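Trainee: Here the structure of chain A is known, so what remains is to put chain B in place on it, guided by the hints.
There are 2 protein chains.
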Amino acid sequence: MRLMYNIREYMAIMNDQELKRLIAEIPIHELIEVWDDLSEDDELRIFSMLDLEQKVDLITSLSISTQEALIKSLTGDHARLLLAEMDPDDLTDFIQSVSPEVRESVWNALSEETKKETQFLLKYDSDDAAGLMTPRYLAIRPSLTVAQALAWVRKSVRKIETVYYIYVLDPLNRLVGVVSLRDMLAAEDSDLIDQIMIKKVITVDQDTDQEEAAKILETYDLLALPVVDSHHRLLGIITFDDIIDVIREEQTEDIYKMGAMGGSTERYLESSILDLVKKRIPWLIILLLAATITTNVIAHYQAVLQAAVVLAFFIPIVTGTGGNSGTQSATLMIRGLATGELHFHDIWRVLLKEILIGSFMGICLGLLTIGRAMLFPPLISLNEAVAVGTALCFVVLLATLVGSLAPIIISRLGFDPAVMAGPLMATIIDVSGLTIYFETARLLLHLT
Amino acid sequence: MRLMYNIREYMAIMNDQELKRLIAEIPIHELIEVWDDLSEDDELRIFSMLDLEQKVDLITSLSISTQEALIKSLTGDHARLLLAEMDPDDLTDFIQSVSPEVRESVWNALSEETKKETQFLLKYDSDDAAGLMTPRYLAIRPSLTVAQALAWVRKSVRKIETVYYIYVLDPLNRLVGVVSLRDMLAAEDSDLIDQIMIKKVITVDQDTDQEEAAKILETYDLLALPVVDSHHRLLGIITFDDIIDVIREEQTEDIYKMGAMGGSTERYLESSILDLVKKRIPWLIILLLAATITTNVIAHYQAVLQAAVVLAFFIPIVTGTGGNSGTQSATLMIRGLATGELHFHDIWRVLLKEILIGSFMGICLGLLTIGRAMLFPPLISLNEAVAVGTALCFVVLLATLVGSLAPIIISRLGFDPAVMAGPLMATIIDVSGLTIYFETARLLLHLT
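Going line by line, the protein sequences match chains A and B. Under my numbering, the first sequence has 348 at position 348, and the numbering climbs by one with no breaks. For my numbering, count along the second sequence from 1 and bump the result up by 1000.
So here's chain A without its partners, still in its complex pose (with noise of 0.2 Å):
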């Protein structure tokens, strides 16, 4: 039984001195847990009973508006305080998300230092690597000797982020190699820095995308990543702490991109109405229209149609399993496409085991559909029957192929498949799935 699930009653009945202790024993990440659930009075009381390491632990893995409402709260010197030790790129993201008038309190109860480090900082897009980067690195000159890089690794150490790369530059600040701190630890004390050294320095440029850095990072397990502009000249390093935000980030917009939702990441409870609608209602639109071809599909089999009504029954499960099944299909391809494991070229591999994974369910669930309608209501004749099966087996392959092939066609020609693929898809699919519903059934059935 974890204490924080008692929280708001203890805090009805504690006084300060009691709750203290009580939050003295909570982990910060428990806490952010509920946080949450919290009043706003509850919320401050507590947070005022943290101390700093715990107040950044905590501000800094909360949204942005809380944070917002939280520094609010804080008298200026506390906040100089907090603001204080936050990391710069942090404080950066902050600062470009918060409303104007706490942006102007906060830019003022910052050090002239962390202020031109945030200037600097906020000179770069976002989402490219130098968006994500800290100024607050270690450099040396490839001339010292060990012990004296270690004296001044030891000297420096309570004002950087990142001590466990040192970073090597050349007169003009260029990159010229970098030594780990464990290396450093390793090598003798009068052994030179310039012969420790790992000089071909892994980089990514100042525009890299945020993504492609952290594959860099994930792929040679770094600690921190450093950024370079077009002469080889170092402006900071990108830590893994930032990186797996970004991990995360990709994460949430992929799932939104699936569920059909364009648009910002912003949590759920945080988002105004309209901007939910903003996000939401564009693609409804794309979709419905593109569906309205059905309409047209359906309206020219209306002959059809009145001379077996039965066939109406089943629209929706062909269209249904239709989607379904090119959903699946289109999943994999983008999830491959996206970690890199698929490319174009494997377009006839893809090809050749869909169109015998597709026909292999197509029968199955064809003749799953045919004992369904011969044994439960609503009651049709066997033709019916193996009409609305064999037109569903068709479905099947032909949804499978177009979900497969669909995402690996779109991203050859540089769009995104995640964004691109589902109208794309749902309405080939239900057009050319009812197409071939009918049709079949036509067939089958000997109609007009």
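Derived by calculation from the structure, the hints in this document are not laboratory data. All figures in this text were calculated on a predicted structure; none of them were measured in a lab. Incorrect hints may appear among the rest.
Said to hold, decoys possible - Below, computed lysine-lysine pairings styled on BS3-like, alpha-carbon distance capped at 27 Å: (1) A/159 x B/1257; (2) A/199 x B/1155; (3) A/155 x B/1199; (4) A/159 x B/1200; (5) B/1257 x A/279.
Mentor: Just chain B, lined up with the frame of chain A:
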């Protein structure tokens, strides 16, 4: 223009020496991107030209089956060297996944010490925190001075995966503190570890779920997270790079669930047809059987349909738009529940928000449908268009509510909303959507 794009052409015309010089210029992350496109012979030729560290970076980023092929190709001594460089946690994953014959030869190539480590790690479930840990951490006693501890760190630095946190154990090997290398460097040589160590160590239990471990490491921006047993004895540490892998894996799982698939997150091209069918067909069957209820609904309104066959034209629009609106709401809820932003007690706020959003979107989409129906073929009467548009408005509102409430309620009941919400939601929306559609049409068109 990156070198890698032409690697296959280069390989054909270059001798080994030239190729080796070329390969030395290519960063490993670019090599990984194109690796699957190379022939097996080319893979082996390039692999043999890499130095040991590059081999390790490359191999740990590849899929298990590619790893297997590469390791198999190495002679005993080369394999031994490579395996000795791999981290014990990566090695354990590898041993658990390879085929039995490779496992045996890999096992024989391990040093006695590594065998022991691996045997220890194999005891734990790979989805638990303990399944991610490495036993290679630095541990010291609290009675050492900083100078003594630093000397010990410098001696051990080569054997250890993470030297940047040093764990402090009591004589019973219980974790009593942690010192970062940074704090140690900032302290005076004569300080006692006991004085400078952090006593409230953030830990996870051996059976903590890996996703929970990931969230904790993220909250505190830690480089590594210690895993303890029930007596608070230190078993091993989880490093940030393994946490990044966990986040990626969970992401693939979530996306597959949303695409209505279960089972493994094995790569597409490496999965057998049977595996893919097993992953996909159960969901298609469940969704198909659930959807067959719609046949009963439509059959129930057979008379209405025969009186106005035009109503059949819009069936795919009703189910499709309902499904899309529901999916949007459900996606927002599932993501909010997964990130911990939404809780059951937010249900009333969500309900209110979705009623407003659903009504607004319903009215827009309803009007759009009426406009589309009046302007483009198949031309229908104004009355019919109004009936369809009105029905669609209600369907969108209903779908929005079902899509938002289903995940919250399912999660409250202790099930995974990402898995359960799909079929349940689709069925409810299709069945009640079609009922609303036919009832509205019957009323407005004064049918039977």
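Trainee: Now, for every hint given, state plainly whether the structure supports it.
Mentor: Each hint, compared with the structure:
For the hint linking residue 159 of chain A to residue 1257 of chain B, the alpha-carbon distance of about 45 Å lies beyond 27 Å, and the restraint is violated. About 25 Å separates the Cα atoms of residue 199 of chain A and residue 1155 of chain B, which keeps this hinted pair within 27 Å; it holds. For the proposed pair residue 155 of chain A and residue 1199 of chain B, the alpha carbon gap of about 25 Å is at most 27 Å, so the pair holds. For the hint linking residue 159 of chain A to residue 1200 of chain B, the alpha-carbon distance of about 23 Å falls within 27 Å, and the restraint holds.
For the suggested pair residue 1257 of chain B and residue 279 of chain A, the alpha carbons sit about 23 Å apart, so the restraint of at most 27 Å is met.
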